[in-house]
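> Mind docking chains B and C on chain A? Use the hints.
Each protein sequence line maps, in turn, to chains A, B and C.
Heads up: the first sequence at position 152 corresponds to 152 in my numbering, and the numbers run straight through without jumps.
Just so we're on the same page, my numbering is the position in the second sequence counted from 1, plus 363.
Just so we're on the same page, my numbering is the position in the third sequence counted from 1, plus 726.
Wrong hints could be hidden among the right ones.
Straight-line C-alpha distance at most 20 Å; calculated EDC-like pairs for lysine to aspartate or glutamate [as the list claims (entries may be wrong)]: (1) Lys1018(C) to Asp70(A); (2) Lys655(B) to Glu743(C); (3) Lys735(C) to Asp375(B); (4) Lys292(A) to Asp375(B).
What the simulated footprint calls covered on chain C by chain A, stretch by stretch (three residues with Cβ under 8 Å from a Cβ of chain A suffice, anywhere in the stretch; the number is not a length) [claimed, not checked]: (5) 785–798; (6) 803–814; (7) 1045–1059.
Label pairs and their calculated CB-CB ranges [said to hold, decoys possible]: (8) Glu1003(C) to Val635(B): 56 to 62 Å; (9) Val968(C) to Val718(B): 24 to 30 Å; (10) Ala882(C) to Ile376(B): 55 to 61 Å; (11) Thr837(C) to His662(B): 39 to 45 Å; (12) Ala882(C) to Gln597(B): 56 to 62 Å; (13) Asp1076(C) to Val718(B): 51 to 57 Å; (14) Asp963(C) to Gly579(B): 55 to 61 Å.
What the hints contain is simulated information worked out from the structure, not anything from laboratory work.
Cβ coordinates follow ideal geometry from the N, Cα and C atoms, glycine included.
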Amino acid sequence: EQSAEDLQKQIDILAQEIESLKENGTSGSSNVLDKLSIGGYGEIHYNNYTERDNNDQIDAHRYVLYFGYDYNDKVRFFSEFELEHSLAGEGKPGEVELEQAYIEIDTTANTKLRLGQFLVPVGILNETHEPDTFYGVERNNLESKIVPATWWEAGAMFSQDLGGGLTYDIAGHSGLNMFKAGGTPNKIRSGRQKVAEANGNKGAMTGRVRYAGIPGLDMAASVQYQQDVFQAAQGFDTVSGVLVEAHARYSIAGATFTIQHAEWEFDEEIGVEAAEEQSGLMAEVSYKLTEKFGVFARHTELDWNDGGADLENTERTDSTAGVNYWIVPRVALKADYTDVHYDTDGKDNDADDNVSIGIGWSF
Amino acid sequence: EQSAEDLQKQIDILAQEIESLKENGTSGSSNVLDKLSIGGYGEIHYNNYTERDNNDQIDAHRYVLYFGYDYNDKVRFFSEFELEHSLAGEGKPGEVELEQAYIEIDTTANTKLRLGQFLVPVGILNETHEPDTFYGVERNNLESKIVPATWWEAGAMFSQDLGGGLTYDIAGHSGLNMFKAGGTPNKIRSGRQKVAEANGNKGAMTGRVRYAGIPGLDMAASVQYQQDVFQAAQGFDTVSGVLVEAHARYSIAGATFTIQHAEWEFDEEIGVEAAEEQSGLMAEVSYKLTEKFGVFARHTELDWNDGGADLENTERTDSTAGVNYWIVPRVALKADYTDVHYDTDGKDNDADDNVSIGIGWSF
Amino acid sequence: EQSAEDLQKQIDILAQEIESLKENGTSGSSNVLDKLSIGGYGEIHYNNYTERDNNDQIDAHRYVLYFGYDYNDKVRFFSEFELEHSLAGEGKPGEVELEQAYIEIDTTANTKLRLGQFLVPVGILNETHEPDTFYGVERNNLESKIVPATWWEAGAMFSQDLGGGLTYDIAGHSGLNMFKAGGTPNKIRSGRQKVAEANGNKGAMTGRVRYAGIPGLDMAASVQYQQDVFQAAQGFDTVSGVLVEAHARYSIAGATFTIQHAEWEFDEEIGVEAAEEQSGLMAEVSYKLTEKFGVFARHTELDWNDGGADLENTERTDSTAGVNYWIVPRVALKADYTDVHYDTDGKDNDADDNVSIGIGWSF
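Looking at chain A on its own, in the form it has when it is part of the complex (with noise of 0.2 Å):
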């Protein structure tokens, strides 16, 4: 007969068995899919523009699923994929698009590498842009006309942190490619080339640094040099081009503050006067009134080039006030009003206010 001792190793064996499956998993679940990671990220909007009579709209205005890899505890891809509006194809007005797509090395404890595909280090909106982590049904405009969000290029990127909450990104990678003439010359968001066969005649450099030192604070400022934005070919002027932004974000008892300016500045060859100097300023305030529900107010100004070979910039100013209501923290429901100015003659102040819901989701 087992002796009380011996009874006493098989239990304990047991318990450690059994702490080591709790650890470790069971070999039932593939090694393949523990190296996985799949996300996304999505929103709906819709938009009634309160002074116009017609062309409200409804759009599943993106579609996003990430998919990474770790190939070791050093080495990782990622990659986001995305459908906008909804339907793309000959004759759709939506698209799809890789956003993402680069390997990322860590090459010490406190440097890493991302070779490919990636978001240029630039703005609030360009690297977290899930709908549940900013307020407001759409993003705001500097981070769409003036720092061109979502953008993305391909190249290296090195970053380091250098402790104490400082840390810096710099990155070599492809230019805009911005039209000369045509529909929308000049226009910086046009410019982007998607790294879709994107012409490299030219590159561009960035470069962050960012400050979240202090609890509750985030700062940063990158600068942005783009060789040509016309990626002209050998031998033909050139247009250079000098993006500096800033923004400075702080939260305290549920409340947030939020400022950010970005300028680009190009060479006089651009040809119009106008278009050599584009700017914006964005300043919002937010409140989380309860865990789920918040209300924000933001203000957006633009000095920016639309396309035309105006003598004058266009200069609008957005106002925007809204509440989010997270259903559960990655899921929000949507509503604000924004109330739109030109300063510039022949637009019309009233024709894009709006109110708009929206809702959107994050996984």
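Below, chains B and C alone, put in the same frame as chain A:
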């Protein structure tokens, strides 16, 4: 030394932990993947037009992926992403579609709310369209030309289970936007905006009652009201529409009997008298000879406006007979013959007769 | 009080349950995800044309996801879904493609049947095209212009493993549909219909024999018959075609030698004498200096009709040398130089010379 009682206690604890592991899994399997659900379906068709000399077709008609995520026991995300016709892009025949993307909330034990983009609760195929669930290579024409399946809109849907097999759904959502002129005027199917930058001037509502309280029986009726199927700007004439659809399916001892009727009535402002009423009738009998092999016959009668400004509608009868062979329960090989007859002058009664074979899967 | 014997019995039961958990996993990990397989690959390229002054290119050439599902031990689904050139939609350079979607059935222990859409069993790259498996930023031209990889069709393929390293495949499938006139007449690559509403008037058959019975050696020969590469309607002249492809690869001590030849013969009804025969030859030598680093040289000779109605074919020679560096086994950085030479009048011998770098991954 341990007493037998002590040992027994330890054994009981281990037994509980093992039970808990069996039920809840281990931390080794990622929590994210546990909450994620992934599936899909697809079908590839070959259509041989027996009386025509050309234009037989091979087509990867649909390739679909589902992605879902359970936020908690009561809130979940579900989506359906599709590539039609194998190839989408400039000048390509196919398209990429977001067919579903909604948040579902269990509001009480027997009610739920869907917010986002969902399939309109009308018909048999529209919400359940995996190819292994129906007979016939191609879907029937009633749920293509009268109920324009696959048909999705964005909005909100409330559903309640009343018990005893009785449920209802009521939804407010985006509406149709048919063409007034051009290639396909008044064509219902072409009116689907697919939530792709959809005109949202006017909306629509759909209600459905469903009864499945008797074993083998499934019946439902839906009514839909469209405020204006041309999405007119304010001040212009509107063309409202009402769709009524009803169907019943009864299965007994391997045999299944299905009957379905759907009818649209549009406001006379639609301008083309023939287009004011458009309807269809479908009847189907199928019999599963073995678990894997079934035969069916289907008859469809349509009286609809196929886009012309004709005084009379097109009347079309499709008579189909064929077989399904399930390799496994969710993979079906299909073959059928369809005789198409037009009761309208100037239509070739033989041109669309076809033998079709197909393979469909879901997972 | 429990006897030691009772306690031992309980301990034995627990130990068995733990073993069972280790082997079969827990119910906490979803059964569906266990049967699901997900993977993918992709590649991003930069091509610098050394003798040209413009049109260097950066492109996210391919982004691919695999989705598979095991219905049971003998029946499985596999699919490959791709976004080419980063961006697909109206006016965009890329396209979304379904490259594979088939059901595979193990009919016996050494035979299997594929039904659906599959890669044609011809060549080296067509079926195995993950970028970490080959040398060179771009695929070689023989498997682009003669064997139009990536090349898929829909139909059925039967495969048998005869033992001793000998296998064969025989497939009946949809055919090519080349352009008779227009931008790319007689161009093989442009004849791929990609199962996208493909004309199915005429079909094709492919057979392959493969031998891999000697360690380090892999050789195969394929023959394909096309009934009519213009998919003529009945009563019209047909243009049949025969493709013969053969290749051998031998690896020893880090060195790999590859040779490949492919040739088309079309019926003289094709009308352009030069287009009747089109062929290519490829030879490659590579050497893995370390586990992570390899060098290669490749020579390709093509004699093909590039779409003109010329009396003579275009003759092109590509000489490429470069390196692969595997960051991890399934992620490769690549760099190479290609010298392109034309033996055809009027072609610029230098225009296509290029230095290319790329990154490719699979998971």
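> For every hint, state whether the structure bears it out.
To see whether the hints hold, each was checked on the structure:
At most 20 Å may separate the alpha-carbon atoms for a hinted pair to count; Lys1018(C) and Asp70(A) meet this at roughly 18 Å. A C-alpha spacing of about 36 Å is found between Lys655(B) and Glu743(C), which places the hinted pair above 20 Å, so the restraint is violated. For the proposed pair Lys735(C) and Asp375(B), the alpha carbon gap of about 13 Å is at most 20 Å, so the pair holds. Taking the CA atoms of Lys292(A) and Asp375(B), the gap is near 42 Å; set against the 20 Å cutoff, the hint is violated.
Coverage of the stretch 785–798 of chain C by chain A holds in this model, with 4 residues showing a Cβ closer than 8 Å to a Cβ of that chain against a need of three. Check result for the stretch 803–814 of chain C against chain A: holds, 5 residues qualifying (beta carbon to beta carbon below 8 Å, three or more required). With 5 residues carrying a beta carbon less than 8 Å from a beta carbon of chain A, the stretch 1045–1059 of chain C meets the three-residue requirement, and the given coverage holds. At roughly 57 Å, the beta-carbon separation of Glu1003(C) and Val635(B) lies within the given 56 to 62 Å, and the hint holds.
The beta-carbon spacing between Val968(C) and Val718(B), approximately 29 Å, falls within the hinted interval of 24 to 30 Å. A C-beta distance of roughly 57 Å is found between Ala882(C) and Ile376(B), which places it inside the suggested range of 55 to 61 Å. For the hinted restraint 39 to 45 Å between Thr837(C) and His662(B), the CB-CB distance of approximately 41 Å keeps it satisfied. Ala882(C) and Gln597(B) have their C-beta atoms about 58 Å apart, which keeps the hinted 56 to 62 Å range intact.
Separated by about 55 Å at the C-beta atoms, Asp1076(C) and Val718(B) satisfy the suggested range of 51 to 57 Å. Asp963(C) and Gly579(B) have their C-beta atoms about 57 Å apart, which keeps the hinted 55 to 61 Å range intact.
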